[in-house]
Amino acid sequence: MVRPKQVRTVGHPTTESPVEALFSDDMGGPAPQPELCPSQSHLATSKRFPRLDGGFATWVALALVIVGGTLPRLNHIDKSIWSAEAWVANSVLADSLGQMFYYPAWLQTTPPLFLLLVRGTVHIAGVSVGSLRAVPLGLSVLSLILIAWLSRSILRSPFAVLCTTLVALSPPAVVFSKELKQYSGDVAASCLVLLVLWRYLERPDGRRFAYLTVALTVALLLSYPAVTFIPIAIAIVAWAEPTSDGNRPIALGSRLQRTGVLAALSAALCGANYWLFAKPNTSVLLDNYWSYGYPRFHRLGDVVRFYTEYFLGMGVCFYLPLDTKDLFKSKLSSTGYLSLALVLIVVGLVVGLAFITLRRNRRNLQALLLCFAPLAALLALNLLHLYPVSSRRLTLFMLPCISLALAIVIQSCCETLSRGIRVRTAAFFPALSILTCVVIVFVAGTHADQWSNYWFEDENTGAAFRYLRSHFAPEDTLYIHASIAEPAKLYFRMLQWDPGDVRYGNTGWDCCPRNPVPQPGDASSKYEYVVRDFSKVMGEMRGEHLWLLYTARGGYWEDLGRDEPQIIADYLNTVGCRKKQETQFTNEVLDEFGCGRNGSN
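Using my numbering, read the sequence shown as starting at 622 and increasing by one per residue.
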């Protein structure tokens, strides 16, 4: 890093910070000219694009965006916990930490720190939907605070507000902030690492290096994808010339020492994550489940299409509602390789234009490198089949990087276009853009039902079990299909209800039980497979009234390859049981059967 340098001014000498020296607009060109008097300096800056660095006003605008962005995250946060959340909740409620990290029923793919935070919250507040979702919600709001801080450090006021707005109103970020999964923690970890790396670049002293090591430790324990930031973190520490707290250069050996410390710490944390948490929770079933998240190298065109869909698609899908999750992919696939070539040409032109507008702004170029370096690491992990990229939730950790990069490019283009605009006219646009972002965030937040609640895997298990509790007789039997077993166990505990005769099925589960059984092949063996397990589980019924609960998520049985509710219903008809009623809830079905003498009623 370039040493701080004295800037000659009229009357008052000043010292640039290291980041100002490194990222100065002259790109190492001629020596800076003497600074103008305050009024002249303000006029010269305004001619390019007004900064509106009115400190307090900018932070007020960012605070309003954060508050407005919290509104959709609170909307329907009390909705019923669905299957994928339920096994995380049940593992958190396990009797020991060992059972939490190595959940006996299902593979534990949630990072350790996230589990510990949820376990501590539930221990303090008790078991409820609110306490279980408090951690993902809190991490999502923390992400907004951190991205506001980071963008304010890099961008001019209007574009800092824009960057924060892009994260605040990202539909997948909003949806997963209300889900007991680790994805909001992934976003928070990315924001944290980006912030501490940038602040280290501003002043690479010992205190900020300590902050960096602590932040990276927290991020790696909170989020597995945070490993993608390790290469750029080590590169920055190895490249930036360390300074003492008084901005005095220190020995080169300290730079090497810091690099070694950071590399050793990262290796130790990654090794612990892999050997203690990831490796014990992997299986062939999980690998097969995510196999479509890796490219097939049959043809180069297929590989290019794959990465265009999932990498370039991040810049599109992060800002589309979840029900349009495959829009970019479907449009690209339906129009052939010509559209792919056109998309790549347009992207190349945009990148070229961005480079032209940013070529003399080393500060913003460095910020872009900081944003895109994790994407390169993600590409390497994907090529090695270590991390799939075919799901928006798995790549959501890149949202802060993509949003910041977009804001930087937009700022640079606006500055270029504003050079020919009169000062008074140009001063109007920053204030208007800030006001527009704030208004949009609050309008979107108060109308969140129309865009932020596309719960494509929603299950109203709470309503189903409250209905059961009011209609279930002591002598009745309840059969719970494996697809809904984890939510059932959780709601039995939350409702403090023990219905007595409860049977759990072992077939028809989605990914991924810890000890899967072999699956049948042809149609006849599928029928026998389901009926054999159902008969074994049911055995002798205590009464003549049978309830059966299944998931009814769209496409679930088609993906499984067999309609188990229909197979079991057909079997029950052959043994004299008749369906009396079918009660439907959101993505769940409760069937009521009468058997024996009740079967004819």
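Please keep in mind that the hints were generated in silico from the structure rather than gathered at the bench. Note that CB positions come from ideal geometry on N, CA and C, so glycine has one too. It is possible that part of the hints are untrue.
Lysine to aspartate or glutamate pairs mimicking EDC-like chemistry, simulated, CA-CA at most 16 Å apart [to be verified]:
| # | residue 1 | residue 2 |
| --- | --- | --- |
| 1 | Lys-700 | Asp-1070 |
| 2 | Lys-1157 | Asp-1119 |
| 3 | Lys-1147 | Glu-1165 |
| 4 | Lys-1201 | Asp-1212 |
| 5 | Lys-1147 | Asp-1184 |
| 6 | Lys-1200 | Asp-1070 |
| 7 | Lys-1200 | Glu-1165 |
| 8 | Lys-1147 | Asp-1122 |
| 9 | Lys-1201 | Glu-1213 |
| 10 | Lys-802 | Asp-699 |
| 11 | Lys-1201 | Asp-1191 |
| 12 | Lys-700 | Asp-1184 |
| 13 | Lys-1200 | Asp-1180 |
| 14 | Lys-1110 | Glu-1096 |
| 15 | Lys-802 | Asp-1079 |
| 16 | Lys-1147 | Glu-1213 |
| 17 | Lys-1201 | Glu-1179 |
| 18 | Lys-1110 | Asp-826 |
| 19 | Lys-1201 | Asp-1079 |
| 20 | Lys-1147 | Asp-1097 |
Label-pair restraints from in silico Cβ distances [said to hold, decoys possible]:
| # | residue 1 | residue 2 | range |
| --- | --- | --- | --- |
| 21 | Gly-892 | Lys-1201 | 51 to 59 Å |
| 22 | Asn-1127 | Ser-717 | 36 to 44 Å |
| 23 | Lys-900 | Ser-717 | 14 to 22 Å |
| 24 | Leu-907 | Val-681 | 42 to 50 Å |
| 25 | Val-1158 | Val-882 | 53 to 61 Å |
| 26 | Asp-908 | Asn-1127 | 36 to 44 Å |
Taking each numbered hint in turn, which are not upheld by the structure, reported in ascending numerical order? 2, 3, 6, 8, 12, 13, 14, 16, 17, 18, 19, 20, 22 and 26
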